[in-house]
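Given chain A, put chain B in place with the hints provided.
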Amino acid sequence: KNEVEQSPQNLTAQEGEFITINCSYSVGISALHWLQQHPGGGIVSLFMLSSGKKKHGRLIATINIQEKHSSLHITASHPRDSAVYICAVRGVQTSGSRLTFGEGTQLTVNP
Amino acid sequence: DAGVIQSPRHEVTEMGQEVTLRCKPISGHDYLFWYRQTMMRGLELLIYFNNNVPIDDSGMPEDRFSAKMPNASFSTLKIQPSEPRDSAVYFCASRYRGTGELFFGEGSRLTVL
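Protein chains in written order, with my numbering: chain A, 12 to 122; chain B, 548 to 660.
Chain B with its partners taken away, still in its complex shape:
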């Protein structure tokens, strides 16, 4: 398996633009997580899904952020409109309930100018 795949790896955009980050979890994993990492706040959980259903979105900063998981092999995190304070590295991770071990993607580095 290729592991958790995220795209794009880097995104530079201007304030007010829509940003869509994508994630393909490891096949067979039933949990998918979106994390954000900044120097100031470290790693923060934004939202996680179990069997494609959002379970806990209490970490989503505000209504500008939305996440979907239309099927077991794809998830998106959308920011609309983007703001400079959204600049961070966004990680997707997946987990199989049976083992509990987490597998992270390489991250998407977002810069909002």
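Bound-form chain A, shown alone:
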């Protein structure tokens, strides 16, 4: 079992739909990151969380430390949101700043 698991692996939505991507982890963490990667592109850090909830535009990230679970929500999805979304955790037991990555969720938003 991977330390970080994301679901779903692939997600197709229609423009305007509300989207949720989930991330579960099995270790104690000091922080969780949500990353976005467009096809052939670089990686952008969307959020870094250690508790609660953060919002940036149409993106919302939540984390439940007790349940070891985080969600990334996209409201009013748009084709430009099509990308791979990666969850990564910084464990309290691992070396300093090492991140453990999920396998990513491929999101396709159709017009």
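To be clear, the hints were calculated from the coordinates, so they are not data collected in a lab. We put the CB at the ideal spot given by N, CA and C, even for glycine. Among the hints, a few may not be true.
Now the in silico label distances, taken between C-beta atoms and shown as ranges [claimed, not checked]:
(1) B:Gly550 with A:Glu16: 29 to 35 Å
(2) B:Gly563 with A:Lys66: 46 to 52 Å
(3) A:His89 with B:Gln627: 41 to 47 Å
(4) B:Asn597 with A:His89: 37 to 43 Å
(5) B:Arg556 with A:Val103: 34 to 40 Å
(6) B:Met562 with A:Ser18: 27 to 33 Å
(7) B:Gly550 with A:Lys64: 23 to 29 Å
For chain B alone, kept in the frame of chain A given last:
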């Protein structure tokens, strides 16, 4: 700030050749990371530096790989000799300890023939 700058963006080389990838982190950031991304293995941490000092190089695949950070504004990742299995996208990222947020470069796509 221009963000994390990597060069070259693309490199095609033949097996056995030396490859040097370069990274300029964001000014003021005290952590620098080198990651490798492949279809098979996803994102993997190769090595990271704190204040120019290598802290964790356990992800470096083998002795063919080496990384240096001679000063706060420059780092290199060298592969010598290169092999086809080294073909991947190599990302550099930097972070300021105070905020913890990571900033990635655009990546260097390496193809070893």
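If any of the earlier hints don't hold here, list their numbers in rising order.
-> Number 6 - this is the single hint that the structure violates.
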